[in-house]
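**Q** Quick mapping for you: the protein sequence lines, in order, are chains D, E, F, C, Z, A, W and V. Using my numbering, the letters of the first sequence map in sequence onto residues 1 to 249. Using my numbering, the letters of the second sequence map in sequence onto residues 250 to 498. Using my numbering, the letters of the third sequence map in sequence onto residues 499 to 747. Using my numbering, the letters of the fourth sequence map in sequence onto residues 748 to 996. Using my numbering, the letters of the fifth sequence map in sequence onto residues 997 to 1245. Using my numbering, the letters of the sixth sequence map in sequence onto residues 1246 to 1494. Using my numbering, the letters of the seventh sequence map in sequence onto residues 1495 to 1743. Using my numbering, the letters of the eighth sequence map in sequence onto residues 1744 to 1992.
Incorrect hints may appear among the rest.
The list that follows gives simulated cross-link-like pairs (lysine-lysine, BS3-like), each with its CA atoms no further than 25 Å apart [claimed, not checked]:
(1) V/K1754 x C/K758
(2) D/K59 x D/K111
(3) W/K1661 x A/K1256
(4) E/K319 x E/K360
(5) F/K557 x E/K370
(6) Z/K1163 x V/K1911
(7) E/K334 x Z/K1055
(8) E/K370 x E/K360
(9) Z/K1117 x A/K1256
(10) A/K1412 x E/K417
(11) D/K167 x W/K1579
(12) D/K168 x W/K1505
(13) C/K857 x C/K868
(14) D/K11 x E/K308
(15) A/K1304 x V/K1910
(16) Z/K1163 x V/K1910
(17) C/K868 x C/K915
(18) Z/K1164 x V/K1828
(19) A/K1330 x F/K557
(20) W/K1579 x C/K806
(21) E/K416 x A/K1412
(22) F/K583 x D/K59
(23) Z/K1117 x Z/K1081
Since the hints were made in silico from the structure, they are not lab data.
Protein chains: 8
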Amino acid sequence: MDKESLEEILKNVSAGSTSVEDAVKTLMHIHIEDIDYAHIDHHRSLRKGFPEVIFGEGKTAGQIAGIMEKMAAQEEIILVTRADKEKAESVLSRFSGAVYYEEARMIVLKKKDISVQGRGKILVLSAGTSDIPVAREAYITAQAMGNDVDSVFDVGVAGIHRLFNHKKMIDDASVLIVVAGMEGALPSVVAGMVSRPVIAVPTSVGYGVSLGGLTALFAMLNSCSSNVAVVNIDNGFGAGYMAAMINRV
Amino acid sequence: MDKESLEEILKNVSAGSTSVEDAVKTLMHIHIEDIDYAHIDHHRSLRKGFPEVIFGEGKTAGQIAGIMEKMAAQEEIILVTRADKEKAESVLSRFSGAVYYEEARMIVLKKKDISVQGRGKILVLSAGTSDIPVAREAYITAQAMGNDVDSVFDVGVAGIHRLFNHKKMIDDASVLIVVAGMEGALPSVVAGMVSRPVIAVPTSVGYGVSLGGLTALFAMLNSCSSNVAVVNIDNGFGAGYMAAMINRV
Amino acid sequence: MDKESLEEILKNVSAGSTSVEDAVKTLMHIHIEDIDYAHIDHHRSLRKGFPEVIFGEGKTAGQIAGIMEKMAAQEEIILVTRADKEKAESVLSRFSGAVYYEEARMIVLKKKDISVQGRGKILVLSAGTSDIPVAREAYITAQAMGNDVDSVFDVGVAGIHRLFNHKKMIDDASVLIVVAGMEGALPSVVAGMVSRPVIAVPTSVGYGVSLGGLTALFAMLNSCSSNVAVVNIDNGFGAGYMAAMINRV
Amino acid sequence: MDKESLEEILKNVSAGSTSVEDAVKTLMHIHIEDIDYAHIDHHRSLRKGFPEVIFGEGKTAGQIAGIMEKMAAQEEIILVTRADKEKAESVLSRFSGAVYYEEARMIVLKKKDISVQGRGKILVLSAGTSDIPVAREAYITAQAMGNDVDSVFDVGVAGIHRLFNHKKMIDDASVLIVVAGMEGALPSVVAGMVSRPVIAVPTSVGYGVSLGGLTALFAMLNSCSSNVAVVNIDNGFGAGYMAAMINRV
Amino acid sequence: MDKESLEEILKNVSAGSTSVEDAVKTLMHIHIEDIDYAHIDHHRSLRKGFPEVIFGEGKTAGQIAGIMEKMAAQEEIILVTRADKEKAESVLSRFSGAVYYEEARMIVLKKKDISVQGRGKILVLSAGTSDIPVAREAYITAQAMGNDVDSVFDVGVAGIHRLFNHKKMIDDASVLIVVAGMEGALPSVVAGMVSRPVIAVPTSVGYGVSLGGLTALFAMLNSCSSNVAVVNIDNGFGAGYMAAMINRV
Amino acid sequence: MDKESLEEILKNVSAGSTSVEDAVKTLMHIHIEDIDYAHIDHHRSLRKGFPEVIFGEGKTAGQIAGIMEKMAAQEEIILVTRADKEKAESVLSRFSGAVYYEEARMIVLKKKDISVQGRGKILVLSAGTSDIPVAREAYITAQAMGNDVDSVFDVGVAGIHRLFNHKKMIDDASVLIVVAGMEGALPSVVAGMVSRPVIAVPTSVGYGVSLGGLTALFAMLNSCSSNVAVVNIDNGFGAGYMAAMINRV
Amino acid sequence: MDKESLEEILKNVSAGSTSVEDAVKTLMHIHIEDIDYAHIDHHRSLRKGFPEVIFGEGKTAGQIAGIMEKMAAQEEIILVTRADKEKAESVLSRFSGAVYYEEARMIVLKKKDISVQGRGKILVLSAGTSDIPVAREAYITAQAMGNDVDSVFDVGVAGIHRLFNHKKMIDDASVLIVVAGMEGALPSVVAGMVSRPVIAVPTSVGYGVSLGGLTALFAMLNSCSSNVAVVNIDNGFGAGYMAAMINRV
Amino acid sequence: MDKESLEEILKNVSAGSTSVEDAVKTLMHIHIEDIDYAHIDHHRSLRKGFPEVIFGEGKTAGQIAGIMEKMAAQEEIILVTRADKEKAESVLSRFSGAVYYEEARMIVLKKKDISVQGRGKILVLSAGTSDIPVAREAYITAQAMGNDVDSVFDVGVAGIHRLFNHKKMIDDASVLIVVAGMEGALPSVVAGMVSRPVIAVPTSVGYGVSLGGLTALFAMLNSCSSNVAVVNIDNGFGAGYMAAMINRV
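Just need the whole structure built from these sequences, with the hints factored in.
**A** As structure tokens, then:
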């Protein structure tokens, strides 16, 4: 029920053309629609400046483009995740302004520049070379959601001194995203160095008992540092999104 | 918001003492309460003749009795599951009409007899002697919810002919609950004999690779019979509840 | 042993051409055949108006068509599940009346219309876009088995208000099938809204710790709503079949 | 090496009493101590107004009290987690100002009141009655770290309307902690209602395939809402700590 | 239906007091009982000289004794497995002829001596000291079922030469039972030395990644020797029973 | 060291041309070779009439043929398992007498007919159509090792009466191999019908929580029938080999 | 067969009192004994200066003392692992020279001082306070086997600077044992700092997804440092033993 | 900061052109760089004669060659692991001196011969034919790192006598690498024969419950021999590297 309908009923009650009894009955059945109405408003404000996201895996280029077309009318920015190169090229041929980030496997379509809305800097760190695609997905997502983002890649714990070379950048971040596969130790070490929230992202990088990322995931959940929370394996997008939420608190 | 408040507002609109504009504002904010109101009604009808259930595990006899007292004013029947003998005796000393089913570890408090509401008979079958407590929990639950219930215990697949001895009873049931631990094969065999819905209940009975009931659970979910759906390990109550729901469709 | 043979023996006994002793010997050895005979009868009635089902995965188009040919003589309706498009086209070229439901990956061959036999409506709900194929399989199966079926797709718990938009349809269903992957939360929420049996279907949709659908499966088995029973991962057919069984109780 | 020692060396170089060569040798060996020096400073500021935390499980009352005594000289506030009642009473008898929160199993010793430092309100929601101890641990931790904290307990997804009754409180929170066992569905539903960071805490509440909390954990990591990050099973303290970090970003 | 009833019917048919038609009807309904009848015979022969077995775990001494009393009338030998000392003493006080094997945790009650029925010798080997109880259970079971049984305990693969000291005994066995925990390697080594069937029994002996015997179980199932089949973890009884079956082929 | 060499040394000692001291030294170092010598003898006798087996998976047709050529000189029969059709055709083009069993994926090359050496009949039963390849592998293996083998395929527990149709064949077998995927219930049912050893073979047939055969495997290990031992998933060859061993006890 | 028996035979051959033929027969059957003979020698030398170890868990004080008494005659040193305090006190009352290390739960009985045999120093590092017992077990074992051992406890990765405070000690070690529970990250970090072999010991310290030490174990096996090998969960003894072996290479 | 910069600062202090105060400030910020500097030195010496290793899996031939080019200037030897034949040929066409070991899937590029630096011999043993590639990877790695390496392949425990044929080689090794899949029993047997450190390498060879190598891994970690430590599944390179470290202790 929209506002107009409600006014209509109340006007009728006021005018005496609808009895109080009948109006009670009618209004006893407005429930979800009203909430829904509020929800839509709320959702609209919620999404302002935030990317709508299309999960590209398992969708054809045509399906992706179709969804993008519907969204393009209303949205300032559209993100597509997990889009391989071939799909991306097909999509880009239909949206002149769209940009493809190959390493991150993301397509970004912006109608205008995204203004920075986050309080501080988000820093994305990653452990091994193979973790970079997931780290890049986090990076692009956080940036697209209106944040200053920095990154330091390839600072695994087996050469811990490399991490210290970037201590200033680490100290200056307001939110940190730490991406690691294999033994997943990096988030613990980084979180021990700062008093900022750290979003840990396990990756499926590794073999044998890396168990497709479960080992890194479990290691991160067992972190002996308390300022760590974890997202799903390879979920760079989720980490970027969560960091953006935190950076606006 | 309750019905009275709503009538009050509408009467005021009708009488002109509240403007339409103000009433719109007020009513735009009634959402959940209204739904909740409806929900309460709905819930009340939902629960008619159906037991409220107290999960006894991890609660003291005092806590159980306390909850029962609050409920006793409104409810026709109260069920307590997973109550050991000691707790039960303490509870029963405070509720003269309550009955304790030791094997099923359940306490039942009825204010009046439960009339039969189910369409047909519910039959509870179980495989091994150790599965009987779970089977009894299902039995008592289904019965307390207003169903005719029969049972055949100790008809494991290692002596398949024992099952056939009860073929008539199996054929006559409208819903079947089949309880088994270890290899969990009984539901498949039973379901292959009937064209009725079978609720399979894995139990934690077994050792070694029974894995606390996971093996029986997975076996039941893999049943080569299609008229089988499964509840959690040792969840006799859930099976009885679900069977009662089905028997009223 | 069929009825004729039995009559033959008894007639001979009656006529004195077979001694009681010899007849006892003979009849002591009729066991399975007799039962089998009964079973066949029973099975025939069981299957009336119900689909025979061919699991298409791992079978060639030729094998599928071969089985269909054998069945076509006796059966009113033939269902094939998990048939990809290529196989389906090959099969359809040989059975003029067969229909292929691409999303559900099912082939349906009906000799005549299926009359509605279920008591009420079966409602199929699904959470995400990727869950739709499994939901469609449940839908087609339940429908082919003689039920009125409705569906609401894409009502995941992350936008819970969308669910409430369909509250009337949910309230009116006699049996509900709820399909969800990832965290598998939808069946709990839906089952909390109704006092009807809910068949929960976990799907393999997700990545990382979705563990190929195990997480959704376990979540559903742990539902805090009691009117939920669960089938195997991606088993839309089983859910439709079970719902049809329930709807005829 | 502290600053004074460094100045000493450089003064000697400046004064000519130490050769450049010798100073190079000496300074080539200051490495970690220097960092450590910096770290200590950093740590001190880091810990300002933040609780030191003693994990009480597996420690005797005597050991807990011993550590508290050492800390009491320097710290404004001391937290002990996972302390059962017996231990707590023994500890409290030695620290007159200490308070024991039985449900949360925490001991808090404050020298002075903690000023509120967080930006907004932290809201702790929990699903079932058995989840409350973990939720209380999160609550006490976040509060002790200088935050306004609210809580709504017992709002499981099986009665989703109860959640909506608290919609305003949910909308007003800047950070949300959502605690749930069994199927772990509550964080997804709550996160879908807000554009704020949600810390999900799985609990070990449940039986059968709750797998000691693994099911809830995996469900939360698979959340179809993106503003969710997860901590270890039953880790209420970690959730409270992480929320406090986020609320100060 | 027993033979007498069948004769009765046929006599009536023969005498003309029952029509063929009525007899057909009646006999169409004898199914399982007939089979059951056969089964009973079959079972009786099956059990000849073989122990009935009572699983003692989870039963009280009273329950065990009760079952034994019922069985004692008909059976030559009664076995009770997994009976701890206290229960056993209570049971033995009621059955003068019963013997308790403490290490094997078994009670054996024989009415007369069991004659040897197996073709050759059964040899029970075990790896570590802690595996002996399971090995003893296999030993007592096989012996009680009428077999010559030998045993060599404590011949783990870490001192492989100890195994060779018993090579003659190994070569002379007709069936071998090999019991091992931890890495479960012994069955592979032993099976490589003989061309006889080897029953492998994993035990729950070990810690850490022994995973309660799963590691030994999986290792045995992966044996690079082909003459190995495996029973459940700690299932000494099953191994003894299976070996007895094999030794009578 | 072969017998001749040993005789040589002893003759030299006897003749005085080798001192006792030197002979002691020499013989102290014959260990493994001597054993090996015995082993070779033993192995030769062991292998008499038994197939050498080549695991074809992961080997090229060329490699398989190469090994076959080396073996062909000495062996009466050669078995190749897990050989796909393409490889088999290539191999068969080089060995005129070799036969390819496509369903079993085995190549058999016999120099002469294998005489029957087993005591009784081996019966291979299998549950579903998809289990047949594994069942055929067991069949061919047992037959090639000199046994009479029978088979009954497609007797799953969902239509238990089909099993009883073959009761005589089941009763007459001396060893039974029972092959099943999905819930793996068939071995329990069959073993309950006989007093013969049953080798259970789980297959990887199924989907969802069949877990690649783990569910069937665990179900079989948990069999409530005691005359069951189990081999690895899909290990038809091992079951056939073990059954052959048993049939010669 | 011992050397004397062999000489006896050969002397008889030499003397002509035993024919070559008979000697061949006899010697064809000495195989294992000869090897065993060698093994015994080898084992004696192997064990020189090395502790025999009694696994105390699951043994009574009486059993432990009994084994110690048998060993005391021959051995220079006796180690007992996993002995709780009560058992230890009982054992110590019977062996005046024995020492109990409570934290390590070990009893050590030395007849004389153990001389240092290792090449360099073994360093034991551990992460959390709760890991110390396992670390102490490694320490005592390595020391008892004749090594200089140092230790640094409580240097978890959440405060990585604490580790660097001990850099010299780390650099100087020839073999390192690194003990850690929870996320198990310490071995990776330490191994990245040295070019020495690191033995990683996962502990069962942690809760939730520490999975009883599996997470730490898997993390260590996935170490991005290559100079790491791993022992079983909580296996401090094994790590100390392995380090001692390495230190003597 | 390199040594020259440090000298520069100190010279300026010495010369009075930089004040002590300014120098303190500057040097307070050299921390990591200094450590890094040290680390680089340390690393350089560490790497002397040791291979830098490129993990070839997931890299293109171009990427591999690119990294090799950068390294070639500084390094004496370059190792590439997990390079398939096609990639290797492409790489070799650009580096004339490079050698490809096909079985080990490794490329080795040496500028000059590697001098032997290890103390004793490293022996690589492997169980089955399919384990050879992993064993070869260990062999090539250890050899490239300056060790004498021997190997014995195909000595599985099912024919334990084959192992004894190589007893001398086993006794003479200073470090042993034992590679096995399936039940992973070989390391236990070998370690029981020697008093030397054994590095166990599980492989993913096997099917069914080999669980991709987890079973072999767990078996090895449960070894009843104490001189065993384990690396990740299929990690031949890590085993070779660790053995080289040990051989230089």
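**Q** Does C/K806 lie within 25 Å of W/K1579 when you go C-alpha to C-alpha?
**A** holds, 17 Å
**Q** With the threshold set at 25 Å, check whether the alpha-carbon distance from Z/K1117 to Z/K1081 stays at or below it.
**A** Violated, at roughly 30 Å.
**Q** Holds or violated: are the alpha carbons of E/K334 and Z/K1055 at most 25 Å from each other?
**A** Holds, at roughly 17 Å.
**Q** Does A/K1256 sit within 25 Å of W/K1661, going by the straight-line distance between their CA atoms?
**A** violated, 69 Å
**Q** Compare the distance between the alpha carbons of E/K416 and A/K1412 with 25 Å, and conclude whether the hinted pair is satisfied.
**A** With a Cα-Cα distance of about 19 Å, the restraint between E/K416 and A/K1412 holds, given a limit of 25 Å.
**Q** Is it true that the CA of F/K583 sits at most 25 Å from the CA of D/K59?
**A** holds, 17 Å
**Q** Starting from E/K319, check that the Cα of E/K360 is at most 25 Å away, please.
**A** holds, 14 Å
**Q** Are the Cα positions of D/K168 and W/K1505 separated by 25 Å at most?
**A** Between D/K168 and W/K1505 the Cα gap is close to 85 Å, so the pair fails against 25 Å, i.e. violated.
**Q** Given the hint that A/K1304 pairs with V/K1910, test it: the Cα-Cα distance must not exceed 25 Å.
**A** Not satisfied, since the Cα-Cα distance of roughly 30 Å exceeds 25 Å.
**Q** Between the alpha carbons of A/K1330 and F/K557, is the straight-line distance 25 Å or under?
**A** Answer holds: A/K1330 to F/K557 is near 17 Å, not above 25 Å.
**Q** Check whether the Cα positions of E/K370 and E/K360 lie no farther apart than 25 Å.
**A** Cα-Cα ~24 Å, so holds.
**Q** Between F/K557 and E/K370, is the straight-line Cα distance small enough, at 25 Å or below?
**A** Given that 25 Å is the threshold and the Cα spacing comes to 40 Å, the pair is violated.
The earlier numbered hints that this structure contradicts are 3, 5, 9, 11, 12, 14, 15, 18 and 23.
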